[in-house]
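K.L.:
Each chain, letter by letter, is given below.
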Amino acid sequence: MQIEPLKQKCGNLVRDWLSQFNAMHIDHLERKWISISMLVIALMVGIITVDAFFHGVNPPSKVETINSASLHLSKEFAEDHLGVEVNDKGEIVIRMVAGRYSFFPKHIDVPAETPLTFRWVSMDVLHGVHIPMTNMSTMIVPGYVAEITTTFPKPGEYPLLCNEYCGLGHNHMWSNISVIAKEDWTAPVKPSESNNE
Amino acid sequence: MNDLVTRKLALSHLWVAFAAFIVACLMGEYQVLERSGFIPALDSAPVYFASVSTHGVLMAFVLTTFFIMGFGYYIAATSLKQAIWNLPLAWGGFGLALFGVVLAAIPLLTGKASVLYTFYPPIVAHAAFYIGATLLVVGSWAWCVIMLVMFNQWKKAHPGLPVPLAMFATAANAMLWLWTSAGVALEVLFQLIPLSLGWIDTVDPGLARTLFAWTLHPIVYFWLIPAYTAFYVFVPKQAGGFLFSDEIARAALIVLVVFALPIGFHHLYMDPEQAQGWKLLHGIGTFVVAIPTLVTGFTVIASLEIAGRLRGGKGLFGWIITLPWTNTMVLSVILALLMLIFGGFGGIVNASYAMNAMIHNTAWVPGHFHLIFGGTTIIMYFAVAYYLWPMLTGKPLFSNAMALTQLWTWFIGMVILTTPWHILGLLGQPRRISSVVYNNLLTLAWKPYELAMIFGGLVLLGSACLFIYILVKTQFNPTSEAFDQEVEFAEPLHAVTSLPEYLNDLTLWNKVIAVLMAISFGFPILQFFFMETFGSSGWGY
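Respectively, the protein sequence lines represent chains E and G.
Take the position in the first sequence, starting the count at 1, then add 13; the result is the number in my numbering.
Take the position in the second sequence, starting the count at 1, then add 647; the result is the number in my numbering.
So that you can see chain E by itself, here it is in the shape it has in the complex:
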């Protein structure tokens, strides 16, 4: 009903602002520099946006909540479900619990050149984890599940380091991960299955 006059009013306002801006003294060199700056910034934003939308390059952002106080009672993060698991679809899922001062389990074996999905939870305070020289990095916020999928190109022994202040023992918080050549790696046996036998 009232949209048209409103649109017109806004249009006039913006035109008015622009004409006032252009009436100011702006040196031609300055105009050029501003244009160049905007182009450079547009290029960077463009690359990031294309990567995000078309190549799926995104930081860990799964907004999934969990009760950090009762992880031991949860189905997914109870002790016998932690570590490396190959799910029904053949995907490798690694469930890890961060707590002062370690990541549990303390040591895991994973294959190189294979997509790995890490699911991280905290049982106490804020933590963060990264594997040096890789892009496996995420914050672990109590109350939330941090999920990140990545692939390690090279076999080797890597540390998992806590990178967020979590208390006076923060520097003692680490565990280890062995990245094994794809052909040498075997999937661990599901503990629930072995128990049943």
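Everything labelled a hint here was simulated from the structure, so no lab data went into it.
These figures come from a predicted structure and were not determined experimentally.
Ideal placement from N, C-alpha and C gives every residue a C-beta, glycine not left out.
Treat the hints with caution; some may be incorrect.
As the list claims (entries may be wrong) - Residues from chain G that keep clear of chain E, each with C-beta distances beyond 12 Å, as calculated:
1) 651
2) 666
3) 728
4) 746
5) 971
6) 981
As the list claims (entries may be wrong) - Short derived list, chain G residues pointing at chain E, Cβ under 10 Å:
7) 774
8) 1183
9) 1186
Dock chain G against chain E, hints included.
P.N.:
Below, chain G without anything else, positioned relative to chain E:
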């Protein structure tokens, strides 16, 4: 209005700022020493984290807030040629902020608030720490009110005239700080103080981090704007030239203030509690805010070139040589810009939505902000202090040569400190560790860089002591030689003839900020009340 009342007000603020600064510098050097592990007797995690927490609070909250308030009062009085509005409120704000600092210092220094200056719930500190920090912020709000009232009073008394650029920048910064501090104020009032006093049992760390991210980016622009103000209103005159453009300076400041606010999620890129679309939106805004900095760089360098050429500089680069390198303000801006260029490159890595994963929470990050804040911003705080001290105390600067030495050593020390820090980050060293005890060969590669950092810190500490020495010697010099020059604000190359009202006023931009904040933070905050979340109980450390 360089009257005694204003001078006393400004000096009191600046001395609190620089006292905090020198204490924090001492702690900084202790921290690089402790962390390196070269002196086993120093090894103590409780002392280290008490020190890191205090260092952060003193540098980021006390030095900056008091410096900005003192600088703002002096700019308002001298550029508007007006007495400070409501002096009792100004002194009240000062007293409240200082009381807050003392209140927070007690738990900090006794190890009862080793939660770092970024709080990190669900770890809980003593309530006095949060209450003290809140009083510091509330005290600074009195300053904001005074700046905005004086800005509007002057505009009313001078209709149609452009507000002096120095005051325009200061008032814009006051508005920015009111918006900026709201996020952390909500976190502290509704989550941290109630939790620390036992009024509530749990907090949601996801919500707390989101609210802190609201504050965490614009706060650095709150710190940086006085440096930019000095770039625009002092540097061109001190270099012997003119400001290249007054109008574009205002436009750059406005874009800086408006876009500094809705972009805080680049601190949460790696967090699980916010979705990727919001992160990307904030990430794009983060790049937009680089534009006013690029424009500022152009204006400052163009102003310097005008000065260099007026002083007889010829050729493409000849004007650089003819600049007055022995002027503390000019030397400072050259060093500050150099560090801004390097720090800017690092900043682009941090701001990059995906590349950030490689350096997130590694030693790279403190390396970056020591370069930009400890380098660019602090060096301009030094320059402002050297410039204003003779006017504030009525005595000439004790020694210009010593001041130049101080600036050079600060620059060199900062390069020696931050270069290895960045490299350590690339080598995978996490930030915020008190010692290196990882049972891993990788850590052997870190040693030489840690050694270099100790040396860099030592140079910086010496430079900081020299800075305080020069200020003390200037103020308490028994000389009879009086200093009666007044502040000189740079003239623009072209007089401002036509200025749109929206570049001379803040009302419109206040509304724009409100809309942008509602868009960028509205849903991300509200989501915590709509989805099923689980709070965390408080933890010691």
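K.L.:
Less than 10 Å between beta-carbons is the criterion; does residue 1183 of chain G satisfy it with respect to chain E?
P.N.:
At about 4 Å, which falls below the 10 Å cut-off, the nearest Cβ of chain E leaves the hint on residue 1183 of chain G intact, so it holds.
K.L.:
Does the closest beta carbon of chain E sit nearer than 10 Å to the beta carbon of residue 1186 of chain G?
P.N.:
holds (5 Å)
K.L.:
Taking 12 Å as the cut and beta carbons as the points, is residue 666 of chain G off the interface with chain E?
P.N.:
For residue 666 of chain G, whose nearest Cβ neighbour in chain E is about 27 Å away, the distance exceeds 12 Å, so it holds.
K.L.:
Checking the smallest CB distance to chain E, is residue 981 of chain G really beyond 12 Å?
P.N.:
holds (20 Å)
K.L.:
Checking a non-interface call: every C-beta of chain E should be farther than 12 Å from the C-beta of residue 728 of chain G. Is that right?
P.N.:
Holds, because the least Cβ-Cβ distance between residue 728 of chain G and chain E comes to about 25 Å, which exceeds 12 Å.
K.L.:
Does residue 971 of chain G really sit off the interface, with its C-beta more than 12 Å from all C-beta atoms of chain E?
P.N.:
Holds, since 24 Å exceeds 12 Å.
K.L.:
Just checking, residue 746 of chain G versus chain E, shortest CB gap more than 12 Å?
P.N.:
Its Cβ never comes within 12 Å of chain E, the nearest being 28 Å, so this holds.
K.L.:
So residue 651 of chain G supposedly isn't at the interface. Is its beta-carbon more than 12 Å from every beta-carbon in chain E?
P.N.:
Residue 651 of chain G clear of chain E: closest Cβ-Cβ about 39 Å, beyond 12 Å.
K.L.:
Is the interface hint satisfied for residue 774 of chain G? The criterion is a beta-carbon contact with chain E at less than 10 Å.
P.N.:
violated (18 Å)
Going through the hint list in order, the structure does not satisfy hint 7, though it satisfies all others.
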